[in-house]
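Given chain V's structure and the hints, the job is docking chain P onto it.
There are 2 protein chains.
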Amino acid sequence: MSRKALDYDQINENVKKAQYAVRGELYLRASELQKEGKKIIFTNVGNPHALGQKPLTFPRQVVALCQAPFLLDDPNVGLLFPADAIAKAKLYLSYTSGGLGAYSDSRGLPGIRKEVAEFIGRRDGYPSNPELIYLTDGASKGVMQILQTVIRGNGDGILVPVPQYPLYSAAISLFGGSLVPYYLEENANWGLDIDNLRQSVAEARFKGITVRAMVIINPGNPTGQCLSVDNLKEILRFCHKENLVLLGDEVYQQNVYQDERPFISSRKVLLDMGPPISKELQLVSFHTVSKGFLGECGQRGGYFEMTNIPPESVEEIYKVASISLSPNVPGMIFMGCMVSPPKPGDISYDQYLRESTGILESLRKRAHMMTDGFNSCKNVVCNFTEGAMYSFPQVKLPPKAIEAAKQAGKVPDVFYCLKLLEATGISTVPGSGFGQKEGVFHLRTTILPAEEDMPAIMESFKKFNDAFMDQYEGNSWYSRM
Amino acid sequence: MSRKALDYDQINENVKKAQYAVRGELYLRASELQKEGKKIIFTNVGNPHALGQKPLTFPRQVVALCQAPFLLDDPNVGLLFPADAIAKAKLYLSYTSGGLGAYSDSRGLPGIRKEVAEFIGRRDGYPSNPELIYLTDGASKGVMQILQTVIRGNGDGILVPVPQYPLYSAAISLFGGSLVPYYLEENANWGLDIDNLRQSVAEARFKGITVRAMVIINPGNPTGQCLSVDNLKEILRFCHKENLVLLGDEVYQQNVYQDERPFISSRKVLLDMGPPISKELQLVSFHTVSKGFLGECGQRGGYFEMTNIPPESVEEIYKVASISLSPNVPGMIFMGCMVSPPKPGDISYDQYLRESTGILESLRKRAHMMTDGFNSCKNVVCNFTEGAMYSFPQVKLPPKAIEAAKQAGKVPDVFYCLKLLEATGISTVPGSGFGQKEGVFHLRTTILPAEEDMPAIMESFKKFNDAFMDQYEGNSWYSRM
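Protein chains in written order, with numbering that gives the first Met the number 0: chain V, 0 to 480; chain P, 0 to 480.
Same shape as in the complex, but just chain V:
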């Protein structure tokens, strides 16, 4: 029997090695159950609109007008669109040559990159250079492009927090590099311990791995922690000393649910530190329109900003971006609306403010409801979701449950999450998909179900969990589970 290039045993091993649990076994099973007619609550992925979050009106008006520029001259356009959306659409169309249907420069529309630079300048208090900002089809594509540029082979290591968002592990596998884990401390509210980081690097080097970059996710996914300025300084010093590029995944910068540690960008902390580090440390920061209060996941808009990357390398990154010609242009319009929203006095300002603060305030409430809900469950402990969109409770599985999982041929947390799914329709991701310490189990849910649905969901979770625990702790042999 001859072998063909796309036979399973013939394809690229790195493709097979890559794992992406957010759309893994649990998601596939949930999709099956949904097809069979079961009601599924998809909390496996941070996809706000899929769980009922309404899009902000203003960016949608602007992009609709950009898609249908013939409306701009229609005498009736004012009946459906406010004047500031019309003006913004005209402005954004003036940034393009040929409207949304033309490829842009492969780095994105210059006009939007300039708006992003102004946003970063206002946020950090240091001007930003649009030439070092590249627009992307969501942040993921940017992360993948930078990892591909850094990774030369399996001797190259990337420091990744554990638990981590599996984009990183998957992309590192795909590009044939080595993931070097550093553990976040659950008992210290998922904080980052520099000694632990040093040890990870030392162990990797002992194995012959050249550690080349470090990923931080701030606010954290799946862990929800917000890094302090002091912690960020330590990280930056560490990267500088060890010659690591820092990849700052800051896609949740608008999603902060406590007031003690507001979001502060890696770039601001770096520039505050002054030379030599501020002139030397290589930093790439990522942002998106998919999270925050826009939540426009399906539009795929993102950017990355490069700090202290030499011009010849910036050129190489441009060249590779150009191979797929151009990110999608409508996503750039969303990015523009996100970084330069309506201002006080604009017609749409009040509505924009009401909608955006409404979403963030509700997410803050939901973060509390969910954390409190988990902590009320038997054998479940959960740090408060300080930021981002996820809850990552630890589930202390009884030995009998672990044994039952083994019998079923499943990793214990997968076993638990599958049972949860079958019993309640709640589609989560097992902690093993993000990495966790040996013998400790978690699950990740988003905090995105609608506020009014949250009590019922948490009740349903608690009912399942407590019965599960009773069953496997042997206290309730007659449980109907």
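FYI, nobody ran anything at the bench for these hints, they're computed from the structure. Please note that a few of the clues may not be correct.
One copy or two, it doesn't matter: identical chains are merged, so the pair holds either way.
[To be verified] Heads up, simulated DSS-like pairs for lysine-lysine below, C-alpha to C-alpha not over 25 Å straight-line: (1) Lys462 with Lys405; (2) Lys278 with Lys232; (3) Lys232 with Lys462; (4) Lys409 with Lys377; (5) Lys34 with Lys318; (6) Lys113 with Lys37; (7) Lys15 with Lys395; (8) Lys37 with Lys318; (9) Lys267 with Lys53; (10) Lys318 with Lys15; (11) Lys409 with Lys318; (12) Lys342 with Lys16; (13) Lys377 with Lys405; (14) Lys409 with Lys16; (15) Lys364 with Lys461; (16) Lys113 with Lys34; (17) Lys462 with Lys377; (18) Lys364 with Lys377; (19) Lys462 with Lys364; (20) Lys278 with Lys342; (21) Lys461 with Lys37; (22) Lys462 with Lys409; (23) Lys15 with Lys409; (24) Lys395 with Lys377.
For chain P alone, kept in the frame of chain V given last:
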């Protein structure tokens, strides 16, 4: 001096090796000149809207409504949008859970994949399975994903036509594979000679390369040829015999400007051939919303269809697609509108037909104007553009011009194209970016400048070219060039 991971000499060599001339030196110089205020005619990339092609109205109306679903309930919506666009937008929103702002399944919206399958079924006369159709951010992203799946290392070779569209050479470099060239015959109207193909494979094997896949671009880019059924059969038999996956780049299937050889898909020819080949040959076919009469490049909509790929490999391809979560959803709406356009009797049918045939008829005229224009120039010969969007004239450079290029440190065709750009503002791509036989020189232009601008552009080209030839043939020492 310590070395950092994003220093130029430290980055992934495959990134540096990748070349993409369509956005290379010529494009960069043209962008500079444009900034300096020079009028540039960008014919370097098949980007119709950038050169004034108007988008089809109906798909834009549908996507605008999908972006602004709050309009659907507005009593005034009928003043701006026709009823069939409103109905289509409602249908497409019913395919999503959460509208365009929600990630779709990583393979794309099931409802759109079904419409694509129906389109393929009608086109080929054989039903197509939506489960084997994946939507992508333009065809390029699909091509890159499949190449990444096939290529395991530099011992793996991919047969690519020369001249070729440099997406292929660039992606093969990026993924660390080996490009195995097969030459198209300019004297045989860029036809494909199977003996030549056999020889390419034999030579590659002699060098220890495992040839695993073959790319065809039909209609051709940059060469414009349309493959005959007989030629396609030969190719399919060859791939079957040699155990190659066939990658069928069919993005220009709507762009055909002669009646002798209408477009026929590789898949139809394969299925017409019957078993065993129709059950065994592995084929992946690509399509897009960027070309044809939509020309919606900036929207990034595409798909690939897999034929005879084993289910476990299809699953792996799904998993890798899921790492970047979801293609952009608005691009899927364009794909839906492309494969299921208004039907006779629908309100928008007449307008859709008028707009789309208007574009194709004008492109056909422009193909003739351009080919005739080139053939009227000194030392230039050009095959007729049978299909796609490009003209690829051969430019017979005099020895003195080649010598002058060498003095200037330029490849001869780059030298010529740069001079052309400086003199006329016409931004082309040198033939060396696509590959050409040793000592033979070409350039690629699109046939996309507006029909009314074409005579002046061709005149400007001729004036430049003939003076250039006079200068370097030494017949006109007093030329004012």
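Going through the hints against the structure:
| no. | hint | verdict |
| --- | --- | --- |
| 1 | Lys462 with Lys405 | within (24 Å within a copy, 79 Å between copies) |
| 2 | Lys278 with Lys232 | within (15 Å within a copy, 60 Å between copies) |
| 3 | Lys232 with Lys462 | neither (44 Å within a copy, 63 Å between copies) |
| 4 | Lys409 with Lys377 | within (22 Å within a copy, 73 Å between copies) |
| 5 | Lys34 with Lys318 | between (43 Å within a copy, 20 Å between copies) |
| 6 | Lys113 with Lys37 | between (47 Å within a copy, 22 Å between copies) |
| 7 | Lys15 with Lys395 | neither (31 Å within a copy, 49 Å between copies) |
| 8 | Lys37 with Lys318 | between (47 Å within a copy, 24 Å between copies) |
| 9 | Lys267 with Lys53 | neither (32 Å within a copy, 44 Å between copies) |
| 10 | Lys318 with Lys15 | between (28 Å within a copy, 9 Å between copies) |
| 11 | Lys409 with Lys318 | between (44 Å within a copy, 20 Å between copies) |
| 12 | Lys342 with Lys16 | neither (48 Å within a copy, 46 Å between copies) |
| 13 | Lys377 with Lys405 | within (22 Å within a copy, 78 Å between copies) |
| 14 | Lys409 with Lys16 | within (19 Å within a copy, 44 Å between copies) |
| 15 | Lys364 with Lys461 | within (19 Å within a copy, 70 Å between copies) |
| 16 | Lys113 with Lys34 | between (45 Å within a copy, 16 Å between copies) |
| 17 | Lys462 with Lys377 | within (10 Å within a copy, 84 Å between copies) |
| 18 | Lys364 with Lys377 | within (22 Å within a copy, 75 Å between copies) |
| 19 | Lys462 with Lys364 | within (22 Å within a copy, 71 Å between copies) |
| 20 | Lys278 with Lys342 | neither (34 Å within a copy, 61 Å between copies) |
| 21 | Lys461 with Lys37 | within (20 Å within a copy, 68 Å between copies) |
| 22 | Lys462 with Lys409 | within (23 Å within a copy, 74 Å between copies) |
| 23 | Lys15 with Lys409 | within (19 Å within a copy, 43 Å between copies) |
| 24 | Lys395 with Lys377 | within (9 Å within a copy, 82 Å between copies) |
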